[in-house]
Amino acid sequence: MASTALPASREPLARPSFDRSLLLVIPAAAFMILLFIYPFLYGLMLSFEPKDHPALWNYQHFFTTDNLWPTIWTTLRLAIPATLINVGLALPIAYKMRTKSRYQRWVTTILVIPITLGTVLIAEGMLTYFGPKGWLSQFLQLTHLYDGPIRLTHNYWGVLISLVVSGFPFAFLLILSYITGIDPVLARAAATLGADKRAQFREIYLPLLAPGLAMCFCLSFVQAFSVFPSAVLLGSPAGPTRVISIAAYEAAFEQYDYSLASAIAMLMGLVQLLIVAGVLGLRNLMYRGPVVGGKG
Amino acid sequence: MKHDFNELKLDRVTRRFAGAGGSAFNALNELSITVKRGEFIALLGPSGCGKSTALNCIAGLLPLSGGSIHLDKTRIDTLPPERRGFGMVFQNYALFPHMSVARNVGFGLKMRGVPQSEIAPRVANAMKLVQLVGQEHKLPGQLSGGQQQRVAIARAIVIEPPLILMDEPLSNLDAKLRIETRAEIRRIHRELDRATIYVTHDQDEALSLADRIVVMKDGVVQQIAPPREVYSQPANLHVARFMGYRNIVELPIEREEGDRVVLGGPDLYLTGLRKQALSDGHAVVAMRPEEITVLPRGVTGDGINIIEGRVDNVEYGGRDSLLDVVTPGGIKLHVRAAGMYNLGDDVRMQVPVERVLVYPHEWVAVK
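Chains as they are written, first to last, in my numbering: chain A, -18 to 277; chain B, 68 to 434.
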């Protein structure tokens, strides 16, 4: 017989007992384990092994030392306003840029350029521009718009501005991608039902964007909370912008106390985790399904 | 925003779009029609014919490039969509995915500032009208396509608009649901006693729903007439093609007698009715497959419009079959016939004079 029917036991369409494509996960998993999970666990262990002290001493020390525990507050005081400004500024601009127009590409390009600049480059530029002898100050005094001393560097404001400059494009791009994912037919449907432009934004775009805004807030916040270079270069790292990463840096590389530095890093992660968990918890209360109004 | 009206008047409504290379083309060219209260109008045509453009112009979603729209004495084409107060049903439903069915339906009322105590009963009424009671608290994503479509209709009618605009509302439904929902739409239209403008590319839909059909092509109105007239007396060859006149044959004109035209080819000798002025020696006849009768064997017929041929293909269709019949001269005709036919059967057919429509032949080239 020429016919070669498959034996009944070998069903070609049956699901194999092991999906070999799962093996493709191995490189990524190995990467995560070696470069994230292991160092994290190592740091966690290290934070409980202070030299000549009981296990919890680092944490006690942090919360009882006057130049350590306030760094949490100092960092939040920078990161939360910076995040709110970034998300708050990016939302209306991205909303305006959601439709194709002549200016869309130009505006988007200009707004996104700072993302390509490193924080150090931005800091250098800001020192020249916003500094006491910088262009802004000279311009304002030349035109007598403002004659008092202008202090926008080496203090809180310098760091905040730098966080906005570097963080805004990121928030803008994220929100823009969320907004353009919302089917414009929904707004048109709302319009035929009597919703003016403001109502369309309030009733349609904002609720559908809210989960995306929460996500954008989290990512922007984490980015701002780990601020380090601009806090040193543009702030006053001994005083009002002594952020938590500076405290960790000092412990590790000035006092060579890796154990304390690890504990500070763990606390930094914990604060970020609490804020992110809180925001994502709120996000779970919102509608998170697809943002189109029906079949395709 | 008014709820009642006598007529909606479109006067030479035109919409131009920028085309490639800075040129502009008319997506909609001088559409003029007066829609009376209670009327159901279907805009019918192939995709790209301008029917959706017309609907969007009426809804206010597209500004006009020319012409005007009046609702009774009020000029409305200058108003934004939210101030026209027409209900619109979109092709992909456009339900708000984050709102429950009840909030979707009540949205228009809320935007009009109707108090909450009044919204609830009106929403309940609309839900009853579209037979969706019990689904109020679901999200649109939890409903089937047909249910979503009915929510979209409920949302459009609950505001009691003078005019309901529907943009191919059934094109996403399966065949059975489409026919059911079609009947629903007609019933709802009757109960509301307002006007409906319905865009479709499906001639069956237009024929079964509309009081008048507007047939469009390339932005230009081809014919505005009741379904019966569009079906049996297409104004031109384009409309004829679109309404299912599948047999289009070009023949030399032998003579014209009043509105009767006698055309003769090598093996097709037909008498038909002239529908448009004929210019030169050739014309085109249009015939429906179902209006050509296959004569029983042995019946010779009375001699007028007899066609002979051989069965070339049979598509079985249940109640009847679609035959391809080729004449000795090689002209292929589509014929619908009951009974059993086999490939190679010789058949004699006849078609009534008034069902052979004669159009000028240049339409063939234009297509």
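None of these hints come from the bench; they were simulated from the model. Among these hints, one or two may not hold up.
[What the hints assert, rightly or not] Partner residues aside, some chain B positions facing chain A, computed with beta carbon under 8 Å:
#1 P182
#2 G384
#3 R386
[What the hints assert, rightly or not] In silico DSSO-like pairs for lysine-lysine, Cα to Cα no more than 30 Å straight-line:
#4 B:K177 with B:K205
#5 A:K178 with B:K205
#6 A:K178 with B:K76
[Said to hold, decoys possible] Between beta-carbon pairs, the in silico distance windows are:
#7 B:R83 with A:I91: 28 to 36 Å
#8 B:D278 with A:L261: 41 to 49 Å
#9 B:G201 with A:V88: 44 to 52 Å
Positions of the beta carbon are idealized from the N, C-alpha and C atoms, including for glycine.
May I ask you to test the hint 44 to 52 Å on the CB atoms belonging to G201 (chain B) and V88 (chain A)? 49 Å, holds
Given a cut of 8 Å on the nearest C-beta pair, is the interface hint for R386 (chain B) held or broken against chain A? It is violated, given that the least Cβ distance between R386 (chain B) and chain A is near 32 Å, above 8 Å.
Holds or violated: is there a CB of chain A closer than 8 Å to the CB of P182 (chain B)? 15 Å, violated
Satisfaction of hint between K205 (chain B) and K177 (chain B), Cα-Cα up to 30 Å: 19 Å, holds
Does the Cβ pair D278 (chain B), L261 (chain A) satisfy 41 to 49 Å? Between D278 (chain B) and L261 (chain A), where Cβ atoms are some 55 Å apart, the hint is violated.
Is the hinted range of 28 to 36 Å satisfied by the C-beta distance from R83 (chain B) to I91 (chain A)? Between R83 (chain B) and I91 (chain A), where Cβ atoms are some 33 Å apart, the hint holds.
K178 (chain A) paired with K76 (chain B) [C-alpha distance capped at 30 Å]: Given pair K178 (chain A), K76 (chain B) holds - Cα atoms ~27 Å apart, limit 30 Å.
Chain A contact restraint on G384 (chain B) - CB to CB distance below 8 Å: Constraint on G384 (chain B) not satisfied, violated at 30 Å.
Regarding the pair K178 (chain A) and K205 (chain B), is the alpha-carbon distance no greater than 30 Å? Distance of about 27 Å is within 30 Å: holds.
Hints 1, 2, 3 and 8 from the earlier list are contradicted by this structure; the remaining hints agree with it.
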